[in-house]
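Asker: Read off the chains here:
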Amino acid sequence: MTTVPQTHLERRYAALGLLLIAPTVLVFCVVIVYPLISAVYLSLFSIFTPTLQGEWVGLSNYQALLSTGEFWTSLGNNVIWTVGTLVLQIVFGVAMALVLHENLWFRALARSLILFPYFVSTVVAVLVWKWLFNDLYGILNHLMIVAGLIEFPLDHLGSMPNAMISVIIVGAWKYFPFVVIAVLARLQTIPEQLYEAARIDGAGPFARFWDITLPQLREVLVVIVLLRAIWDFKEFDLIFLLTGGGPIIGTQTLPLLVYKEAFALNRMGMAAAYAVVMMALMLAFMLIYIRQTRRRES
Amino acid sequence: MAEVVLSRVRRDFGAVTAVHDLNLAIAEGEFVSLLGPSGCGKTTTLRMLAGLEFPTGGEIRIGGRVVNDVPPAKRDIAMVFQSYALYPHLSVADNIAYPLKKRGVPRAERRPKVERTAELLQLTPLLDRKPRQLSGGQQQRVALGRALVRDPKVFLLDEPLSNLDAKLRIHMRAELVELHQRLGRTMVYVTHDQLEAMTMSDRIAIIDQGRLQQFAPPQEVYHAPANRFVAGFIGTPGMNLIEGTLSQEGGAWCFTAPGLRIAVGQLTDDAQAGPATLGLRPEDVTVGAGPVSGIVRVVEQSGHENIIIVEIAGNERLTLRIPASILPRTGDTVALAPDATHAHVFAAGEAGQRLNTATARPRPQTL
Amino acid sequence: MRFVRRIFFNLAAWAVVLAVAFPLFWMIVTSVKPQFELFRRPPTFLPDTFTLEHYARLLIDTAFLVYFKNSVILATTTTVIVVAIATLGAYSLVRFRYRGRENLAFLVLFTYLLPSVVLLLPLYLMLVRVGLSNTIASLVVAYTTFALPYALWLLRSFMAGIPEDLESAALVDGASRLGAFWDVILPQLLPGIISTALFTFILSWNEYLYALVLVNSDSARPLTTGVVNMLVSAFNIEWSLLMAASVMMSVPLIVVFAFLQSYLTRGFGAGAVKG
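Protein chains in written order, with this note's numbering: chain Y, 1 to 298; chain R, 1 to 367; chain H, 1 to 275.
Just chain Y, same shape as in the assembly (with noise of 0.2 Å):
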């Protein structure tokens, strides 16, 4: 709530206040707000990147971008990316929370080797997985002949479907650990009386999870959701290490093409023009998880 300051003392403590976020507001303004608003007044340019050199072209790249195949196609895979992973993310990182929430043998050993992939840096996950997915001498391959899932090597990242499922699990390997964590630390609050309660009211372990760990969970799953969603729409390191958006453009998210059109076809203008309608695409999802937030603090 924001009162008219009135007394002195009021205004010289808004006055400090002030202040104290000077810092703040201006580096937003200089690294965040004014290159937001240059990103869209460079879309309407032309420019090729190793000169800088450009000219007015007004809305053509927009035009371009949606008459383009590729604009769709990369939109398309975006949004398989993103569905693909967020679900495994969530299925198997709640799965897991249960598991680490029950009386798990060295669970804080176990709390720490799930929580790790999170932390570990994209480039060293990407790495690891690359080694295991190697079509000649990777561990993956070996052990699915051995288990008679294969018959020969499978071309885990070269060829398609197999790339896109490859990313799509790498990233859910890499990012579940973040619904771990924030489910098991909404499981610790739920208080244990709901649970007898429910037990003396002959309620199996099955009936329980639905009936009282659900929805206790609905509020933090739908954060969580919108949060993952968010972050895995603009994903570029993963993907882009893991396969450069290939085979040809099988993998090729928009933040991918964004760069592409930047630094590899040095269209810096159109990459702009990508980039806003990725985050036009995205604002939905921003301004609805922005309302949560906005809900739960009042």
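Source of the hints: derived by calculation from the structure; they are not laboratory data. Be aware that one or more of the hints could be misleading.
[What the hints assert, rightly or not] Covered, in the sense of this in silico footprint (three residues per stretch, anywhere, with C-beta under 8 Å from a C-beta of chain H), are these stretches of chain Y: (1) 123-134; (2) 271-285.
[What the hints assert, rightly or not] A short, non-exhaustive set of chain R residues, derived as facing chain Y with CB atoms under 10 Å: (3) 54; (4) 55; (5) 68; (6) 69; (7) 71.
Note that the structure is predicted; figures quoted are calculated from it, not measured. A virtual CB, placed ideally from N, CA and C, is assigned to each residue, including glycine.
Keeping the supplied structure of chain Y fixed, place chains R and H upon it in accordance with the hints.
Answerer: Chains R and H alone, transformed into the frame defined by chain Y:
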């Protein structure tokens, strides 16, 4: 000089007004309670006195000086918080010493002052502990110590006893009263517990919905409540409030309700014939003989007295306090005699003002 | 019966946990195998011959140490700057009243969700124009774009958890606003600051995209792009060397995990879940 004066003090939070044009003059050395239900604006008022909240209008004076623009540090006040607000990272000694340190008292002088305060509050063996190692009662004492160590002009206490268990609360109540007598400082005490306010205060300011309802000594608040709200709020069990009609018969006022008819004595010029509310304290009705008859519905025995609920005509229920020697049974029909000299009359409606001219009971005589 | 079920549950759960951790296990195993052992069929799960030769080569023959040093400077500088600014900012956002405060808080949340690729191009142009490209400083500037909103949001939540009465008590006891901040709030906020600093450090340590675009010389390259470069530039991919590099790159992380994990979990609770 440490009187505290609030003139037309107002506090708005957006469209909500927490405190309406409050006028309050607290004399030097007085112990005043701000009493009211939760959310009535009493804590906001105290925080405005402390300088932690800012009045939207009006003037606050402490010791003759207008302090609206004075930061808390320079108001020469001390405050005890409901949560105690002890600094968790400092030891008890450092907690108590903090106000001295902030006022530039040299280290060498701090130590004896802290020790004296600790002794006063029996905290000496705890001086090196951290707040989280203390019990609730001990934490409360440290909070008090932090306020006492500096000898400020005015003490502000925000429900300091509400987090203690019942027994400790009664003990600390007595200690606070003694402390006040010894120090002779102005104390402003916020509470929602009427028993605390009644037992400790020189005067009580009763506040409801941001408005001052009555500002008077405990006896007066009890025996001459200024309006229906105060009448209903003060006293346990609460005053019986009966809706009825006021009429004038041959120059004398008379109150009638179904099955009840009472001559109510002298009323003010504001009194009008028509609807009104009658207030009867539970102890102001005798049971045994009388003009009113009712059926006993509930009997509660508490040893030294009995509380009974009696239903009279018109489904009106009266709560009565009777001697332990009289023990009716549920379902008995009893005769009641309301004490007309102690009957309170209020104008009609929720906010009805007191209409009696006299205090129902004489002020207690000094021994 | 109960006991058997418990054992079964534990075994199953641990099988899954170990499967999740397997890639990391495999990374370490590969890094200590001699090159020839990698190509053995069937593969050995524990190295037949234990060797540290890849680590030695990594440190001596490659630019790894330069990258490592760059990453340390980069992540430390970013963390110090961002946490300092964000601590003051969070104090202001939580404990002061002024016009636009709420909107500012939600601008912070908005930027926290903003995709890097949108800011990437204008930042690139800006940094080229002011002549900062190819320096660690350019990356510090770029990292601020995601680290500052993140740190602010996290610290704001930590700050909100400190009882307001503590500050009020300090004010009544004779402190100024900044005095109360220093004496009372900062000590209470310390665990939150450590937690935020760790997250910011890890975030900066792991960043890839900005480093890829903004720095194109070995002298300023951080570990992420540096190590990937080793992969790209090598004619024959030396997996053992890469795995050794991956392990070394994760060392700071392992240290944090071993000693400061509670701070990480706390940061999770504050930033992600509570919003």
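Asker: Does the nearest C-beta of chain Y fall within a distance shorter than 10 Å of the C-beta of residue 69 of chain R?
Answerer: With Cβ-Cβ at 4 Å, under 10 Å, it holds.
Asker: Does the nearest C-beta of chain Y fall within a distance shorter than 10 Å of the C-beta of residue 55 of chain R?
Answerer: With a closest approach of 7 Å, the residue 55 of chain R hint holds.
Asker: The region 123-134 of chain Y covered by chain H? Criterion: 3 or more residues, Cβ-Cβ distance below 8 Å.
Answerer: With 9 residues in contact (Cβ-Cβ under 8 Å with chain H), the coverage given for the region 123-134 of chain Y holds.
Asker: Do three or more residues from the region 271-285 of chain Y put their C-beta atoms closer than 8 Å to C-beta atoms of chain H?
Answerer: Since three or more residues must qualify, the claim that chain H covers the region 271-285 of chain Y holds, with 7 doing so at under 8 Å.
Asker: Would the hint on residue 71 of chain R be counted as holding, given a Cβ-Cβ threshold of 10 Å to chain Y?
Answerer: Because about 6 Å separates residue 71 of chain R from the closest Cβ in chain Y, which is inside the 10 Å limit, the hint holds.
Asker: With 10 Å as the cut and Cβ atoms as the points, is residue 54 of chain R at the interface with chain Y?
Answerer: Holds, because the Cβ-Cβ distance from residue 54 of chain R to chain Y comes to roughly 4 Å (cut-off 10 Å).
Asker: Taking the least C-beta to C-beta distance, is residue 68 of chain R closer than 10 Å to chain Y?
Answerer: Status holds, d = 5 Å.
Every hint from the earlier list agrees with this structure, and none is contradicted.
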